[in-house]
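S.K.: Take a look at the letters that make up each chain.
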Amino acid sequence: MDFIELFDACVRENKPRLDKYTKPKSLDVTLKEEDIGLDSLDVTLTFVMLFEIYGIPETEDFNVPTESLRHVRDYMWENKQRDFDTVEAAMEAVT
Amino acid sequence: MIYLAKFYGNYAENTTLVADVPFPQHAHILPETFRRAKSGLKYPPHTLLETVITDEAVNYVLDNPVKGKTAFIFAAGNQGWMGNNGRYDKDDSTELHYKVKLPFIVLTNIYAGRVASMFHVHDHVSTDASACASSLKVMMDVQNLMNNFGFDRVIVLSGEDAVNNLTLEFFGEAGASLQYKDEERIKPSAFDEVNQGFFLGQGATLCIFEKQHAGLTKPKAAFLGAYTSAEDNTNPLGQRPDGEGYSKAIEGSLHVTGVRKEDVTVVKTHGTGTEVNNRAEKAALQRSLGAFVATSYKQRIGHTMGASGLLETGLLLNDLECGIVPKILNRTADDDVFLSYDAPAPQGPFLSLAAGMGNIYSAAIFSTEV
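Residue numbers (my numbering), protein chains in the order written: chain A, 1 to 95; chain B, 96 to 465.
Simulated from the structure, these hints should not be mistaken for lab results. Being a predicted model, the structure only gives us computed values, none of them experimental. A portion of the hints provided could be inaccurate.
[Claimed, not checked] Label pairs and their calculated CB-CB ranges:
id	chain 1	residue 1	chain 2	residue 2	range
1	A	P16	B	S134	14 to 20 Å
2	B	L112	A	D2	51 to 57 Å
3	B	S134	A	M1	17 to 23 Å
4	A	D8	B	A317	41 to 47 Å
Even for Gly, the Cβ is constructed at its ideal location relative to N, Cα and C.
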């Protein structure tokens, strides 16, 4: 499952307006508002959805490294309790 | 002059039986707003509100800047937002149960700030919790900001903390919402000898109020003024039978607008159909106005609580555009004042009423002559 596509799907679920959002082109993008167009609340909501998808306990919420999207992906993959083959399947699994 | 430039509303006409709560009852539910709510990832009231925050509305505001200041007001109904709080909602197996993963996002002021930023509002952001009067109560704030503080545009978003186990049990226990066990012999209506309240309903509205500017074309109505009152009552959940609170609100709105009582021809009532509201609202209208016809929308869309005042006002505007004042559904008596039939829309200003628990009564006067 492509992490950028999954991240993008989660952003689209949680950000009411996407006019300032730029879909990441690589895992090297930072999560700063000026780079990606997400404010801190957007980022938090996106992380919470990723946690749900990967089955990561909520106690880990505020330990995600945010230097880059690659750091986020690595953290999720290191802590995941489950995974999905496709973005569609992952999004479908969140009730 | 203040105009209602844009009106967006969402509500459910159909009802769903909610059987797995202590007071089983029908409610006007929008099932899609409960998507991803059981996991706590999505919050039904926000999902509903975001259906009225349309791209068209946002783009209209961003593409048509006004000279003066812009405000954003979130009329939130009740501040007890969060479906899983209190004593009512501990059974998470029930149909409407939902939880909140990030409690801070449901704080109404944080949500207001989030939505205000979509409209690039940076002059004034506020919230209101005047219960079921909330969206009409804030019309007093709209009037004040625009007449006294240099605001040329006020965006009002209104909603409520969904229809959840808490609200169903609360209104069921209070005897205000019509329960399933009583439906065979009675339907939701108002101003009859025997009514038994309403069905609850999910609803939201976004209204944009403006002074005249180059981009303003075909406003939906003129907003003439509003007033909110309380009454001399020791019971914050009750209403005085003489309708003092309603009368004070009506007379306050007439005073502030300069409209004569005999010029008000149409009334959108609060019209819950509870015994106490039937008595209070009818007494006040008969005392404080001249000849008028009155309607109610709660029988069509349910009681949408915080959104109800402005949402129902917008629906009346839609009907007036079609030339009718719609009847109050399910009336059991013929009535040409509290309408038991559809009546032709008369000319002249119309009055919208709302009441909220906590001793709150709101009246706002609009005109379709723009």
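S.K.: It remains to establish, for every hint, whether it holds in the given structure.
M.R.: Results for each hint:
no.: 1; hint: A/P16 - B/S134: 14 to 20 Å; verdict: 19 Å, holds
no.: 2; hint: B/L112 - A/D2: 51 to 57 Å; verdict: 43 Å, violated
no.: 3; hint: B/S134 - A/M1: 17 to 23 Å; verdict: 19 Å, holds
no.: 4; hint: A/D8 - B/A317: 41 to 47 Å; verdict: 45 Å, holds
Checked against the numbered hints above, the structure breaks only hint 2 and satisfies the rest.
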